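Asker: Next come the chains, spelled out residue by residue.
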Amino acid sequence: MTDLNELSLAEARDGLKAKTFSAREIAQAHIAALEKARVLNAYLLETPDRALTMADASDAKIAKGDAGPLEGLPLGIKDLFCTEGVVTTAGSRILETFEPHYESAVSANLWRDGAVMLGKLNLDEFAMGSSNETSAYGDVISPWRRQENGVLSDAKIVPGGSSGGSAAAVAAHLCLGATATDTGGSIRQPAAFTGTVGIKPTYGRVSRWGTVAFASSLDQAGPIARTVRDCAILLGSMAGPDARDTTCVDLPVPDFEDAVSRGVKGLTIGIPKEYRVEGMPAEIQKLWDDGAAWLKDAGATIREISLPHTKLALPAYYIVAPAEASSNLARYDGVRYGLRVPGKDIAAMYENTRAAGFGREVKRRIMIGTYVLSAGYYDAYYVRAQKIRTLIKRDFEEAYAAGVDAILTPATPSAAFGIGEKASADPVEMYLNDVFTVTVNMAGLPGIAVPAGLDGQGLPLGLQLIGRPFDEETLFATAEVIERAAGRTVLPKAWW
Amino acid sequence: MSVDEKTVRRIAHLARIAVAEDEVAPLQGELNAILAFVEQLGAVDVTGVEAMTSVTPMAMKKRKDVVTDGGRAVDVVANAPETEDHYFLVPKVVE
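Residue numbers (the working numbering), protein chains in the order written: chain B, 1 to 496; chain U, 1 to 95.
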């Protein structure tokens with residue numbers, strides 16, 4: 001029999017319902033797996049006692065016939081979601097001891113539906129990074145390794161970021177699914193790097209209440225899991241109206257799982273020519289062509305489209321996101337939470353606390369944000385970037401108005417790279433990882449990354465589908481066709 | 001546009017981040033790399049384009065102007081580094 005932690009979330013749900021195994025058994029299988037996988041550094045904190053207590057409660061509910069939609073399913077929680085009584089660090093020294101007295105809306109929804117918490121997952125500091133190398137608590141190691149001449153290399157590979165712990169834990173079978181967040185690609189890029197599925201829903205679909213803020217007009221939470229169906233199940237529980245987040249929409253949550261097997265017959269899929277960037281590796285181009293062919297075979301119409309402002313999205317993002325971050329992170333001042341480093345007066349206390357508490361990437365972004373918002377630069381940088389954001393969104397609106405149902409692109413410009421390989425003095429080199437994903441955040445649209453094949457070194461590659469606002473259903477239906485045509489990714493066998 | 005060392009120090013102070021002398025030059029290089037990258041936005045014609053204020057067209061949610069929460073002083077100060085009688089303690093500000 002398959003180890004319980006290797007089941008898909010849907011299989012585990014059905015097994016629990018049929019009483020083939022208990023919630024305690026599947027929790028224990030995961031607890032044992034994560035104890036053995038500490039070298040991956042995916043979990044910042046394991047909560048085995050809480051997991052078993054929750055699992056026992058689930059078993060009691062299952063016995064009574066009172067099970068919720070996620071009853072007894074063990075999940076990992078990105079350490080950006082506040083969890084009551086459980087330290088929440090955001091991957092930063094400045095929150096090393098922060099123990100929230102409240103529960104984030106997303107995690108509360110999961111517990112309401114019966115899910116079991118295994119622990120808190122590593123991430124780039126304040127979700128700022130594309131490789132999980134900016135965490136104050138060490139890099140996450142991907143379970144994937146390169147193949148060189150048929151031999152697995154020992155070189156450590158990044159899982160992507162910022163949801164690197166979530167993606168690595170899902171790919172290494174250290175949870176059935178995980179929560180994640182996406183400000184410029186932080187769900188979809190790590191999902192693509194680890195052969196997992198990740199969806200960033202439409203801005204407003206999921207409440208941001210209780211999630212540590214990075215860039216409030218771009219941040220959106222979503223799941224990473226091993227199948228499209230598993231993501232649909234998880235998003236169904238995570239999403240929903242919340243009066244505490246004024247940007248969270250009052251729309252009913254559709255039955256996402258129901259949409260998974262809908263197929264693509266009659267849909268029009270756009271292929272944006274601007275994503276065919278210079279220097280794109282031939283295997284990424286081939287993957288993209290394969291994806292289009294699979295959708296065509298399944299009954300979709302493929303149409304080339306133009307999104308002319310695409311190349312402006314990344315530079316505009318590096319104004320808008322740091323500007324919002326500099327404002328959001330002003331709250332870490334050594335007064336209300338976390339670290340305090342004394343100084344000769346209150347200003348020196350603030351400055352010393354923030355110098356010691358923030359890592360290099362976070363400081364850099366706060367400073368860029370401070371600069372572009374400062375007197376004399378606000379119009380030239382910030383207002384101009386927000387105008388360009390309008391143009392980017394308009395590109396998508398025109399494509400959808402012309403009858404396109406979803407847009408197919410590569411998820412990332414390359415497969416995962418090695419740890420330390422992109423540590424150059426130019427931060428922009430790392431930022432280019434998000435070139436295909438960041439447009440989606442700028443326009444507030446839903447986007448899903450789905451595994452579609454392997455590169456020449458045996459590392460996974462993903463495709464991205466971008467949908468109309470609040471039409472995640474079409475993304476699940478389309479991604480499932482790609483998943484089926486590509487064949488389920490064979491995840492790495494445990495070498496750790 | 002690019003920043004000089006003096007501007008780096010000024011931004012750091014505005015951002016309330018202490019920067020050591022040997023950090024200024026590397027930060028200057030990194031910030032200038034980012035500013036060079038965003039420079040291309042200057043060439044775009046944005047005449048008549050409205051700046052985005054809300055990515056999803058929506059009316060701001062409103063609720064009755066009533067107290068919905070409160071009386072949780074213990075929770076509010078629980079994570080503060082220094083407190084006294086439910087107050088946050090800070091270094092002396094007024095002489």
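Keep in mind the hints are simulated off the structure, nothing from the lab. Some clues are possibly wrong.
Partial list, derived from the structure: chain U residues whose beta carbon lies under 8 angstroms from chain B [unchecked claim]: (1) Val24; (2) Ala25; (3) Glu50; (4) Glu84; (5) Val93; (6) Val94.
Straight-line distance between alpha carbons at most 20 angstroms, and here's what the computed DMTMM-like set of lysine to aspartate or glutamate pairs gives [as the list claims (entries may be wrong)]: (7) U:Lys62 / B:Asp245; (8) B:Lys311 / U:Asp65; (9) U:Lys92 / B:Asp333; (10) B:Lys493 / B:Glu84; (11) U:Lys64 / B:Asp345; (12) B:Lys393 / U:Asp45; (13) U:Lys92 / B:Asp345; (14) U:Lys61 / B:Asp345.
In silico negatives: residues of chain B with every beta carbon more than 10 angstroms from chain U [stated by the list, open to error]: (15) Ala155; (16) Arg384; (17) Lys387; (18) Ala443.
Note that the coordinates shown come from a computational prediction; the quantities given were computed from them, not determined experimentally. Backbone N, C-alpha and C fix where the C-beta goes; we use that ideal spot for every residue, glycine too.
Asker: Indicate, hint by hint, whether the structure satisfies it.
Answerer: Results of checking the hints against the structure:
1. For valine 24 (chain U), the suggested interface contact is broken, since its CB lies about 11 angstroms from the closest CB of chain B, more than 8 angstroms.
2. At about 11 angstroms, the closest approach between the beta carbon of alanine 25 (chain U) and any beta carbon in chain B exceeds 8 angstroms, and the interface hint on this residue is violated.
3. For glutamate 50 (chain U), the interface hint holds, since its Cβ comes within 8 angstroms of a Cβ in chain B; the closest pair sits about 6 angstroms apart.
4. Checking glutamate 84 (chain U) against chain B: minimum C-beta separation of about 13 angstroms lies over 8 angstroms; hint violated.
5. Annotation: interface hint on valine 93 (chain U) holds; nearest CB of chain B at approximately 5 angstroms, less than 8 angstroms.
6. The criterion of a C-beta within 8 angstroms of any C-beta in chain B is not met by valine 94 (chain U), whose closest approach is roughly 10 angstroms, and the hint is violated.
7. Between lysine 62 (chain U) and aspartate 245 (chain B) the alpha-carbon distance is near 11 angstroms, which keeps this suggested pair within the 20 angstroms criterion.
8. As the CA atoms of lysine 311 (chain B) and aspartate 65 (chain U) are separated by approximately 44 angstroms, the hinted pair breaks the 20 angstroms bound.
9. With a CA separation close to 15 angstroms, the supplied pair lysine 92 (chain U) and aspartate 333 (chain B) stays within the 20 angstroms bound.
10. Straight-line distance between C-alpha atoms of lysine 493 (chain B) and glutamate 84 (chain B) comes to about 34 angstroms, which puts the hinted pair past the 20 angstroms bound.
11. This hinted pair does not check out: lysine 64 (chain U) and aspartate 345 (chain B) have alpha carbons roughly 41 angstroms apart, beyond 20 angstroms.
12. For the given pair, lysine 393 (chain B) sits about 16 angstroms from aspartate 45 (chain U) by alpha-carbon distance, which is consistent with the 20 angstroms threshold.
13. For the hint linking lysine 92 (chain U) to aspartate 345 (chain B), the alpha-carbon distance of about 7 angstroms falls within 20 angstroms, and the restraint holds.
14. Taking the CA atoms of lysine 61 (chain U) and aspartate 345 (chain B), the gap is about 41 angstroms. The hint is violated against a cut of 20 angstroms.
15. Alanine 155 (chain B), annotated as away from the interface, keeps every beta carbon of chain U farther than 10 angstroms; the closest lies near 26 angstroms.
16. Once the 10 angstroms rule is applied to beta carbons, arginine 384 (chain B) is inconsistent with being away from chain U; the minimum gap is 6 angstroms.
17. Interface exclusion of lysine 387 (chain B) from chain U breaks down, the closest Cβ pair being 4 angstroms apart, not more than 10 angstroms.
18. The claim that alanine 443 (chain B) is not at the interface with chain U is violated, since a C-beta of that chain comes within 10 angstroms of its own (minimum 7 angstroms).
Violated hints, listed in ascending order, are 1, 2, 4, 6, 8, 10, 11, 14, 16, 17 and 18; each of the other numbered hints is respected by the structure.
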